[in-house]
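> Chain residues, written in single-letter form:
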Amino acid sequence: MAPLLNISDLKVTFHADRTVVHAVNGVDLCVDAGRAVAIVGESGSGKSTVMMAVMRLLGRRAHVSGRIEWDGQDLLALPERAMRQIRGRAMGMIFQNPSSYLNPTKTIGEQMIEPVLFHRIASASAARRQAVQLLEQVGIPDPEQRLRLYPFELSGGQLQRVMIAMALMTRPKLLIADEPTTALDVTVQAEVLVLLKRLQRELGMALVFITHDLAVAAQVAEEIYVMYGGFILEHLPAAELTQRKAHPYLRGLLGSIPRLDGPRTPLPFIPGQPLDTARGLPEGCVFADRCAHRMSRCAQRPPMIHVGSGHRAACWLAEEEVTQVWP
Amino acid sequence: MAMTRPRQATELARMENLVKVFRTPKGSLVACDHISLRLEQGTSLGLVGESGSGKTTLVRILLMLERPTSGRVWLNGVEVTRLSERRLKPHRRLIQFVAQDPYSSLFPNLTVGQNIMEPLRVHKVGRAQERMQRAMELMERVGLSTYHFYAYPHELSGGQQQRVAIARALALSPQAVVLDEAVSSLDVSVQAQILNLLQQLKDEMGLTYLFISHNLAVIRLLCEMTAVMYMGRIVEYGKTDDVLHSPSHPYTRSLIASIPSFTDRGVTPLPDLSSLAGERPSPLRLPPGCAYQTRCPLVSERCRAERPELREVASGQCVACHHA
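So the sequences go chain by chain: L and R. Numbered as in the numbering used here, the first sequence ends at 327 without a single skipped number. Numbered as in the numbering used here, the second sequence ends at 651 without a single skipped number.
Calculated from the structure, these hints are not laboratory results. From the three backbone atoms N, C-alpha and C, an ideal C-beta is built for every residue, glycine too. You may find that some hints are simply not true.
Which chain L residues stay away from chain R? Per the calculated CB distances, all over 10 Å, these [said to hold, decoys possible]: (1) Ala77; (2) Leu78; (3) Arg120; (4) Gln130; (5) Val220; (6) Leu241; (7) Thr242; (8) Ile270; (9) Cys291; (10) Arg294.
Not the full set, but computed from the structure, chain R residues with beta-carbon under 7 Å of chain L [said to hold, decoys possible]: (11) Gln520; (12) Ser588; (13) Pro598.
Taking the hints into account, I'd like the entire structure generated from these sequences.
Here it is as structure tokens:
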């Protein structure tokens, strides 16, 4: 079966006055229908830009190349009118800060119904009934009354639930969630994650979860893509994250996260600073200047090398049976 | 109770029965509800709780940026609650502050060096030459090249900016540093570097931290004691290891279960939804009795009627719960 979303060799550059920002540098990413996929990376790694390119929401300053196939169509070649039929309908999106994406002058109800009317999916009254039902599903008590409220009258956690319900109004095949829980308290985050996961399973919807938090990614997704400097450095099943991680960057990241059960000794960390994509790209491996395992070969950029089933890493070490090299 | 024992020689700060009420158009908001807490030299304290639980208000009172509605604050045995601003100033040097977002907490129009020297200037410490030397020393101490002395904050990375903020907090050689989510906005690889720095400074300079964070794994690295706040009240207090490994309050338990974290066996699973049920009460209309009753799986009649007081359930571990 063809994947729902198939991104190949996606490149995005932003052109400012004198500089060129190489935000995404040849990303291959694939989402099957009903799958939960996470894109993990630090700030500036290009993880959001990839999905913004998929939604075609990058402005004119962005130069996008490569191929984005959605349900067999080439999204980058699609006229804007046709794109509007997909965006917000078959592809839903939720963001980090719901209060800045909701219209403060319209009630929750008006905003929930809008996409249904825009896409002429159902009548206003049917949409209203659906909104009530969805609010109930996302755990908002007293939904009929809440529909009449304005965004400022709800808490951050409730707004994020409303955002999720709103994105589900059009029964999307894919939900893109960009750091949806980063601004929330841990207990609220857990609630929203449990909810997202449950809805994704029940509705058979694919999920692309963008986050900087590896632990959250491992909880929510089945597959994880790790990005750095606009490149995908590793793609692996979530279940293999702790045991079979291959790339030194991913190893470094995992090692630097303080654990509830770890020793209280100083944390291992990745020396140096994340790659600045505004300063041009290195010839070889993007991670080489921070890597403890750098060798002469790293002057040449490694391709994605097969490590195991559904597991690839962009590191020359992966060629030499990673498990042998690492303790 | 452990927190209100008579003052000892090592006591840095003591807060007794602090209440802070904010009047709002919709009613009174009790941000701090009878809080008593001690900060002892060399014993760092972690403060956890969700947003709106009163952590920041408590810290603002400790820093004397906010006067309590009632209750008293001592710094090194001197009661500072009602001191005038002029007489308060020498006490302010003892406790310094590092905020979450390093960039917005630095002066954008001052160089790195000037930012670090600013507290020295305000408190009239040393001559210009000495201040400069001190700032250079501090930069080295926090792992910043003195090459950045004349740089402006926006020219530095987030991690470097946080190092500047830490250097500035250390300029007056404080006894204690309040860190409000000081590593939360940093990327993990950078966060580890700053955590290591904080650990190292604590050991070398004998600093005491009051560390506000939602990340218990981070608190565990830096703090010997932990206090858990909920709706303006302290619901659990004890040694960090005890709070983490044998949490007694149902809220602490749900908090720990909610933290996504890695262990030897992989990632912690998403918690069971039933442990997360219930709505948070409006802080303007807290129910009588226990504030956690609306979400608590153990709730009983007594919880709805009678407010649980903080009491010692095990050596040094205090819990405000009828069922603990």
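> Going back to the hint list, which numbers does this structure go against?
5, 6, 7, 8
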